[in-house]
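**Q** Between the sequences and the hints, there should be enough to build the whole structure, so can you do that?
Here the working numbering runs 6 ahead of the position in the sequence shown, where the first position is 1.
Hints are not guaranteed to be accurate.
Dumping the calculated DMTMM-like pairs for lysine to aspartate or glutamate here, alpha-carbon to alpha-carbon at most 25 Å [unchecked claim]:
hint : residue 1 : residue 2
1    : Lys150    : Asp69
2    : Lys83     : Glu64
3    : Lys83     : Glu107
Hints were generated in silico from the structure; no laboratory data involved.
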Amino acid sequence: MNSFVEKPPYWINRAAFLFRAELQRAFAADGIDITPEEWALLMVLNERAPATVGELAELTLRDRTTVTRFLDTLSGKGLVARTPDPKDRRRTMITLSGGAEQLFPRMLGHVEAMIGRAGRGISGEEMATAISVLQRLISNLNEKG
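**A** Okay, structure coming up:
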């Protein structure tokens, strides 16, 4: 493995770039004004809301400032709501708004179609192995030292 194109980071980056570009294209073609980065926040909120900015930053691997900027945009689009945490009014809790809940199935349909297209010719076992290897790479990179 001497060539960079024979190493995992090249292929991981290439796949991520293509997934992002395909998602953006599919959303735009359907008139959905959402970036892949905004989608990542909406997806996390769909599964884990309510969440704080810090929690969203950790789960999407973004800094708090970037997440706040994305949330400002999503709030302007009427897709997220911010409310004070009833247990600690210094914290703000983020949830999906009704607009996002209505739009989410359409967006998810595009995501599932893209994943299906990307997975053509790949068995369930191969996909499970790929996911397992990626999870181990991430775990190794998250270890200190």
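**Q** Please go over all the hints and tell whether each is borne out by the structure.
**A** To see whether the hints hold, each was checked on the structure:
With a C-alpha separation of about 20 Å, the suggested pairing of Lys150 with Asp69 holds against the 25 Å cut-off. With a C-alpha separation of about 23 Å, the suggested pairing of Lys83 with Glu64 holds against the 25 Å cut-off. Using a Cα cut-off of 25 Å, the hinted pair Lys83 and Glu107 holds, with the two alpha carbons roughly 13 Å apart.
Every hint from the earlier list agrees with this structure, and none is contradicted.
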